[in-house]
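Novice: One-letter residues, chain by chain:
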Amino acid sequence: MKVRPYPAWITRLYVFAMAALAATGMMQMPLTKRYFISDIPGMAWTSDFFLVHKVHYLLAALLLFVIALVAVHWFRYWYERLVLTPMGMARVVILGGLVVSGCLRVYRNLPDVSLDPSIILAIEWVHLVLTMVMGGVALAALLMKCSAYAKRG
Amino acid sequence: MANEKKIMTGVSRRGFLKALSVGGAGMLIPSGVSAVQERVPMPSDGELATLLDLSKCIGCGECVRACRESNAAKFPEPKKPFPDLVPASRARAEDWSDNRDVDDRLTPYNWLFLQNAQVEYEGESYDINIPRRCMHCQNPPCANLCPFGAANKQTNGITKISDSLCMGGAKCRKVCPWHIPQRQSGVGLYLDIMPRFAGNGVMYKCDRCYQLLDKGELPACISACPEDVQTIGPRHEIVARAKALAKEMNGFIYGLDENGGTNTIYVSPVPFKLLNKAVDKGKGKPHMKPVIDVMADETNLATATLLAPLAGVAAGFLGFGSKLLKLGESGNETNGGSDES
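One line per chain: the protein sequences are A and B, in this order.
Numbering of the first sequence is given in this note's numbering, commencing with residue 64 and proceeding in unit increments.
Numbering of the second sequence is given in this note's numbering, commencing with residue 31 and proceeding in unit increments.
Same shape as in the complex, but just chain A:
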């Protein structure tokens, strides 16, 4: 059992937000009804595209809160004591891309906002591809037992 230099609750909150975002992101594809997932008791909501979309927004807000909280704490307290691990650095970069593309996605959905279709396509696919890359890197980090984002410097 490894000792982490940061509290478990922030890790768990982050993991919850990321996992739930990945799940609700996947549910943006119209597959839950086709594959009977929405027939499972308690899962009927997964075929309500608007509800899933709103839950995705709420989870994104939660993730942004956690990221901002940790970022402030990093620059105030942890900056001199902790360093990012290589796998941590990789995921921070991917996370940055996900946040930027996600925010652009939210912006695009606002009324009175019309963007060039090629820009919209780029936003959509960057978000989608980065999600898959993040999943791959996170899985690799787990398998290599180096999932910590930071260690003592």
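These are calculated hints, taken from the structure and not from any lab test.
Some hints could be false.
Said to hold, decoys possible - Derived BS3-like pairs (lysine-lysine); straight-line CA-CA distance at most 30 Å:
1) A:K117 / B:K315
2) A:K117 / B:K110
3) B:K315 / B:K86
4) B:K190 / B:K204
5) B:K313 / B:K109
6) B:K313 / A:K96
7) A:K96 / B:K303
8) B:K353 / A:K214
9) A:K117 / B:K204
10) A:K208 / B:K353
11) B:K319 / A:K117
12) B:K110 / A:K96
13) B:K319 / B:K190
14) A:K96 / B:K190
15) B:K86 / A:K96
16) A:K96 / B:K353
17) B:K313 / A:K117
18) B:K311 / B:K86
19) B:K109 / A:K117
20) B:K307 / A:K208
Here the structure is a predicted model, which means the values were calculated and not measured.
Given the coordinates of chain A, work out where chain B should sit on it, guided by the hints.
Specialist: Below, chain B alone, put in the same frame as chain A:
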């Protein structure tokens, strides 16, 4: 009918209007007549809207025929037999390729159809014909919720589905308040990815003849209409015109506020509540009920996503978050090292 008009005038309506636009001759038109009607919209006009004066429509079907002709090259040519979809009990192919002539509803081969309503209003009988197609919403849920970016609203107000990107999941049809897009199986990207397990064709709907607008020409349904039922122009001008027309005929407007605002605005001499009751509704035959803004909650939640990081920064500086984070720094908090994504 369009051809007859050409012969009679010696110059097509389209060419005449274009000439007005290009030559600046529109300035000669009395100022009381809006520029909306008299010129072909240009890209610089921004978001375009159409006005449909239902008191003029005689139900001749010229617009339906013109739409088919203008968009024939975009219609699907599916490969058969279709893939055996999995699971067969839930996913079924939709095939209109053997029923291309159907014109009494929306199909992948019929992007515009006419609804008819015979109603009594204030002691008078009305026979109202209603051209129905995509409303081209100002904030279209079909485009906003498309997971692949296949449906997009363009800067000129057209909501268009890319047939090379669409997987045919029909999510756009489900989230559209009028369920406008129609699916054809056996065509599109899904055939090259996992044809049996994901996707089911391509969704089709009115794209407002973008290929004509790009050339400075009017959409086919507008130029073909012998009664000038439709008018296209910058949205603010169309809205003003619709309101003036409704006031003039003591009529009613539909599409102005529906779903937060659309770029297809109907003006009728009878209430739309009556029209909605009278028209034939069902699959491919949209209603005319009032529609709330289905993206309103997302718009409000966008504010939450903006405020969340600010709240995080504030929590970090103001102590609450910092105290909680510091609690775990001593090494007392442990983790298995396998729970971060």
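Novice: If a hint holds in the structure, say so; if it does not, say that too.
Specialist: Status of the hints after comparison with the structure:
1. Simply put, A:K117 and B:K315 have alpha-carbon atoms about 29 Å apart, close enough for the 30 Å limit, and the pair holds.
2. With a C-alpha separation of about 39 Å, the suggested pairing of A:K117 with B:K110 is violated against the 30 Å cut-off.
3. Pair hint B:K315 plus B:K86 holds up; C-alpha atoms about 21 Å apart against a cutoff of 30 Å.
4. Annotation: proposed proximity of B:K190 to B:K204 holds, straight-line Cα distance about 16 Å (limit 30 Å).
5. For the suggested pair B:K313 and B:K109, the alpha carbons sit about 24 Å apart, so the restraint of at most 30 Å is met.
6. Note on B:K313 and A:K96: the hinted pairing holds, with a Cα-Cα distance of about 19 Å set against a maximum of 30 Å.
7. Only pairs whose Cα atoms come within 30 Å are accepted, and A:K96 paired with B:K303 is rejected, the gap being roughly 33 Å.
8. Taking the CA atoms of B:K353 and A:K214, the gap is near 20 Å; set against the 30 Å cutoff, the hint holds.
9. A hinted pair counts as satisfied when its Cα atoms are at most 30 Å apart, and A:K117 with B:K204 qualifies at roughly 16 Å.
10. Proposed proximity of A:K208 and B:K353 is supported: the alpha carbons are some 29 Å apart, at most 30 Å.
11. Restraint check: the Cα-Cα separation between B:K319 and A:K117 comes to about 25 Å, which is no more than 30 Å; the hinted pair holds.
12. A threshold of 30 Å between alpha carbons decides the hint, and for B:K110 with A:K96 the separation of about 25 Å falls inside it, so the pair holds.
13. Only pairs whose Cα atoms come within 30 Å are accepted, and B:K319 paired with B:K190 is accepted, the gap being roughly 24 Å.
14. In summary, the hint linking A:K96 to B:K190 is supported, as the alpha carbons are separated by about 26 Å, within the 30 Å threshold.
15. Restraint check: the Cα-Cα separation between B:K86 and A:K96 comes to about 44 Å, which exceeds 30 Å; the hinted pair is violated.
16. The hinted pair formed by A:K96 and B:K353 fails the criterion: a straight-line CA distance of about 44 Å is larger than 30 Å.
17. A hinted pair counts as satisfied when its Cα atoms are at most 30 Å apart, and B:K313 with A:K117 qualifies at roughly 27 Å.
18. For the hint linking B:K311 to B:K86, the alpha-carbon distance of about 22 Å falls within 30 Å, and the restraint holds.
19. With a C-alpha separation of about 37 Å, the suggested pairing of B:K109 with A:K117 is violated against the 30 Å cut-off.
20. For the given pair, B:K307 sits about 64 Å from A:K208 by alpha-carbon distance, which is inconsistent with the 30 Å threshold.
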